[in-house]
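Here's the letter readout for the chains.
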Amino acid sequence: MSQFITGNSWLQLALYMAVLLACVVPLGGYMAKVFQGEKTFMSPVLGWLENGFYALSGIDRDKDMSWKDYAIATLVFSAISFVLLYAVLVFQNLLPLNPQKLPGLTPDLSFNTAVSFVTNTNWQSYVGEAVMSYFSQMVGLTVQNFVTPAVGLAVMIALIRGLSRKSASGIGNFWVDMVRANLYVLLPLSLVFAVILGSQGVIQNFGTYVTAHGLQGADQTLAMGPVASQEAIKMLGTNGGGFFNTNSAHPFENPTPLTNFLEMLAILLIPAATCHTFGVMVKDKRQGFAVLAAMTVIFVPLVLLCVSAEQSGNPHFNALHVDQVASQLQAGGNMEGKETRFGIANSALWASATTAASNGSVNAMHDSFTPMGGFVPLLLMKFGEVIYGGVGSGLYGMLIFVILSVFIAGLMVGRTPEYLGKKIQAFEIKMASVAMLAPCVFVLIGTAVAVMCKDGQAGIYNPGAQGFSEVLYAFTSATNNNGSAFAGLSANTPFYNTALGLCMLFGRFFIIIPVLAIAGSLAAKKTVPVSAGTLPTHTPLFIAVLVGVILIVGVLTYAPTLALGPVVEHFNMIKG
Amino acid sequence: MKTLVSNLRPALTLTVLLTLLLGVGYPLLTTGILHFGFPSQAEGSLIRDESGRVIGSRLIGQNFDQPRYVWGRLSATGPAPYNAGASSGSNFGVNNPALMDAVKARIAVLKAADPDNIAPVPVDLVTASGSGLDPDITPAAALYQAHRVAKARGMTDDQVKALIRKSSYNRTFNILGEPRVNVLELNLRLDGKLK
Numbered sequence: 001m002s003q004f005i006t007g008n009s010w011l012q013l014a015l016y017m018a019v020l021l022a023c024v025v026p027l028g029g030y031m032a033k034v035f036q037g038e039k040t041f042m043s044p045v046l047g048w049l050e051n052g053f054y055a056l057s058g059i060d061r062d063k064d065m066s067w068k069d070y071a072i073a074t075l076v077f078s079a080i081s082f083v084l085l086y087a088v089l090v091f092q093n094l095l096p097l098n099p100q101k102l103p104g105l106t107p108d109l110s111f112n113t114a115v116s117f118v119t120n121t122n123w124q125s126y127v128g129e130a131v132m133s134y135f136s137q138m139v140g141l142t143v144q145n146f147v148t149p150a151v152g153l154a155v156m157i158a159l160i161r162g163l164s165r166k167s168a169s170g171i172g173n174f175w176v177d178m179v180r181a182n183l184y185v186l187l188p189l190s191l192v193f194a195v196i197l198g199s200q201g202v203i204q205n206f207g208t209y210v211t212a213h214g215l216q217g218a219d220q221t222l223a224m225g226p227v228a229s230q231e232a233i234k235m236l237g238t239n240g241g242g243f244f245n246t247n248s249a250h251p252f253e254n255p256t257p258l259t260n261f262l263e264m265l266a267i268l269l270i271p272a273a274t275c276h277t278f279g280v281m282v283k284d285k286r287q288g289f290a291v292l293a294a295m296t297v298i299f300v301p302l303v304l305l306c307v308s309a310e311q312s313g314n315p316h317f318n319a320l321h322v323d324q325v326a327s328q329l330q331a332g333g334n335m336e337g338k339e340t341r342f343g344i345a346n347s348a349l350w351a352s353a354t355t356a357a358s359n360g361s362v363n364a365m366h367d368s369f370t371p372m373g374g375f376v377p378l379l380l381m382k383f384g385e386v387i388y389g390g391v392g393s394g395l396y397g398m399l400i401f402v403i404l405s406v407f408i409a410g411l412m413v414g415r416t417p418e419y420l421g422k423k424i425q426a427f428e429i430k431m432a433s434v435a436m437l438a439p440c441v442f443v444l445i446g447t448a449v450a451v452m453c454k455d456g457q458a459g460i461y462n463p464g465a466q467g468f469s470e471v472l473y474a475f476t477s478a479t480n481n482n483g484s485a486f487a488g489l490s491a492n493t494p495f496y497n498t499a500l501g502l503c504m505l506f507g508r509f510f511i512i513i514p515v516l517a518i519a520g521s522l523a524a525k526k527t528v529p530v531s532a533g534t535l536p537t538h539t540p541l542f543i544a545v546l547v548g549v550i551l552i553v554g555v556l557t558y559a560p561t562l563a564l565g566p567v568v569e570h571f572n573m574i575k576g
Numbered sequence: 001m002k003t004l005v006s007n008l009r010p011a012l013t014l015t016v017l018l019t020l021l022l023g024v025g026y027p028l029l030t031t032g033i034l035h036f037g038f039p040s041q042a043e044g045s046l047i048r049d050e051s052g053r054v055i056g057s058r059l060i061g062q063n064f065d066q067p068r069y070v071w072g073r074l075s076a077t078g079p080a081p082y083n084a085g086a087s088s089g090s091n092f093g094v095n096n097p098a099l100m101d102a103v104k105a106r107i108a109v110l111k112a113a114d115p116d117n118i119a120p121v122p123v124d125l126v127t128a129s130g131s132g133l134d135p136d137i138t139p140a141a142a143l144y145q146a147h148r149v150a151k152a153r154g155m156t157d158d159q160v161k162a163l164i165r166k167s168s169y170n171r172t173f174n175i176l177g178e179p180r181v182n183v184l185e186l187n188l189r190l191d192g193k194l195k
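Line by line, the protein sequences give chains A and B.
If you read the first sequence in the numbering used here, its first letter stands for residue 1, the second for the next number, and so on.
If you read the second sequence in the numbering used here, its first letter stands for residue 1, the second for the next number, and so on.
No lab work stands behind these hints, which were simulated from the structure alone.
Take the hints with a grain of salt, since some may be wrong.
[Claimed, not checked] Computed cross-link-like contacts, DSS-like style, restricted to lysine-lysine with a CA-CA straight-line distance of at most 30 Å: (1) 525(A) with 166(A); (2) 151(B) with 195(B); (3) 166(B) with 575(A); (4) 283(A) with 526(A); (5) 166(A) with 2(B); (6) 68(A) with 2(B); (7) 166(A) with 39(A); (8) 63(A) with 525(A); (9) 161(B) with 151(B); (10) 63(A) with 430(A); (11) 575(A) with 111(B); (12) 525(A) with 2(B); (13) 430(A) with 2(B); (14) 283(A) with 423(A); (15) 63(A) with 2(B); (16) 166(B) with 195(B).
Every value quoted in this text rests on a predicted model; they were computed, and no experiment measured them.
Based on the sequences and whatever the hints tell you, model everything.
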């Protein structure tokens, strides 16, 4: 494999992982303070705002909620967000900040986009610069880019409280968790990122589109907009919905190698750090590091596979006397759909990070990846977005796998399974099973329906197995709330807008509700003291079990579809 | 039902407050800071001629197909290439016959413009970029075209190569990204419009 990964690629990958992991402890510890209600260095700046929000909204910050109340608050808030966003999109022509005089979106596109942003998916059925007004981008999409990761963090914190409280009836206050996530975590980080990105060339203005008079005499339209502010939270909140159609491949979203590094860092920054937040809040940091280790053990080899697949290039080109070999003067490799400034390593690393997390932004077109290079993002999504995963949703998804692993290990040694002193019983396992199996059902049935019906087949772009992969990728991405695409698929049709919209909804809330149910059930339990028979859950052995469970569930469930898509396409490619 | 109703007030009020803070206040604050600190970047890194007319953006590629200019990546935007009002990649899969047709057509055009050049064609010169707006090509792709451009302009190859070096960017901190040549800047230099 090493001949397909250049020395510089190794360096860039190593630097990325080093910086990412170095941020885990400081940011994770800070978030633990935020969610335990402690004062932080941001409190003097934002405390008055927080208190003002509670006062105006009639929120009693000390009121503890049962898991059912917590779930209802989550659903009510998401429903109102949906209605508001839908209205903004449909009536965009009547609203301000629309210098291009863009019309309102169609009902099916508005439904799809509103669901997409309310579920933290950010699937793009729309072409941003041709469809969305600045008002829709800011007041509609940017707001959801903040509040949906905040909802994810709130649900995650509720689950952690379930694990750390004893004989408690409540799991915290949804409103307080959600507001604090926005004010103390997402807003300050976004402002810092937005300013750095802007200094590098990410645009931020409200002007009409500029007409440039090019050197060869042709006119060129340059789309404008308030991009930097949206770009920052798009990356930090595992959102991924681009201001422009081509997302972070667009130079106005991602102009330089430095912005690219920072945006990639932002993808995994909060999800990785939440592992430490978890460790701090359950008062056993080793537990957080064990979870982080399991994620990293799965992530790194898949990144390397993706880089080497892309670096090896397209074998069909060899007969055409095309130079694909990496050298001092070029990155080489499979450059279709990739940007020169990012080359192979950064495109492949981004593709892996954005699908390991439920970010879904792209800086290269995944549909044009080699079959094995495209297999990596597809597989990472199929693991259920738990390899770092979405903000909040990654860790609560991962803890579902932990609970399942503890259960399986408990069965093997013949003891009642327990995790962090909490007995894992029938109710938890039932709920964990729902959370784990529901997405598989929507992905597989959705794909099957789409490839069998006319409306589904009509959207397919590339011939052969890649066409099947496009549909499979779409349903996998929507259900797991990722949002990236094999973008050849024409998804802006009533069929795909509706079908994928429903998958996004089910994929989000069929996990959130069982997770909160588990949180409530665990919070009510007593803690069992550690004994000689307790399975330690911070050891390399347990990490191996956890990794094994994730791989087996992910690969076994989807092996036939992966074989029909990327694997067939790979053999088609190498047979020449 | 009681919980449902009791949640309506916080849900509605917070939606309004958060929309004002995050959807209005935060973007405006960002705009203010960037227009104060980095006004040119905030407006799109535009390049203007002496009369103030916008020629292009140094971040956005332009379509070049005349032999006297260095050409950029293929662009899959519609209706014309390098339309920065509708960015798009080709989305061709590796086995798509249309991809092979596009590559062959590009090679044919390159060979027709420079029949003496027998070097293998650098891959980025025959493939479409992700955005369709890639401002850069690799140094390999720029050097591949140096002879054609020099001949069309009556310059020596070395003069063109010197300008290529001037328009080249190394990796950031010698690690991040890839070495590249900004095509618009290079062509402006060839025309004597940029120092």
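Consistency of the hints with the structure:
Restraint check for residue 525(A) and residue 166(A): satisfied, since their Cα atoms lie roughly 6 Å apart, inside the 30 Å limit. Between residue 151(B) and residue 195(B) the alpha-carbon distance is near 22 Å, which keeps this suggested pair within the 30 Å criterion. With a C-alpha separation of about 43 Å, the suggested pairing of residue 166(B) with residue 575(A) is violated against the 30 Å cut-off. With a C-alpha separation of about 16 Å, the suggested pairing of residue 283(A) with residue 526(A) holds against the 30 Å cut-off.
At roughly 27 Å between alpha-carbon atoms, residue 166(A) and residue 2(B) fall within 30 Å of each other, so this suggested pair holds. For the hint linking residue 68(A) to residue 2(B), the alpha-carbon distance of about 12 Å falls within 30 Å, and the restraint holds. At most 30 Å may separate the alpha-carbon atoms for a hinted pair to count; residue 166(A) and residue 39(A) meet this at roughly 24 Å. A threshold of 30 Å between alpha carbons decides the hint, and for residue 63(A) with residue 525(A) the separation of about 20 Å falls inside it, so the pair holds.
A C-alpha spacing of about 13 Å is found between residue 161(B) and residue 151(B), which places the hinted pair at or below 30 Å, so the restraint holds. Between the alpha carbons of residue 63(A) and residue 430(A) the distance comes to roughly 29 Å, so the proposed pair stays at or under 30 Å and holds. At roughly 28 Å between alpha-carbon atoms, residue 575(A) and residue 111(B) fall within 30 Å of each other, so this suggested pair holds. Between the alpha carbons of residue 525(A) and residue 2(B) the distance comes to roughly 27 Å, so the proposed pair stays at or under 30 Å and holds.
Using a Cα cut-off of 30 Å, the hinted pair residue 430(A) and residue 2(B) holds, with the two alpha carbons roughly 28 Å apart. Between residue 283(A) and residue 423(A) the CA atoms are separated by roughly 18 Å; this keeps the pair inside 30 Å, and the hint holds. For the proposed pair residue 63(A) and residue 2(B), the alpha carbon gap of about 16 Å is at most 30 Å, so the pair holds. Restraint check: the Cα-Cα separation between residue 166(B) and residue 195(B) comes to about 9 Å, which is no more than 30 Å; the hinted pair holds.
In terms of the numbered hints stated before, the structure departs from hint 3 and from no other.
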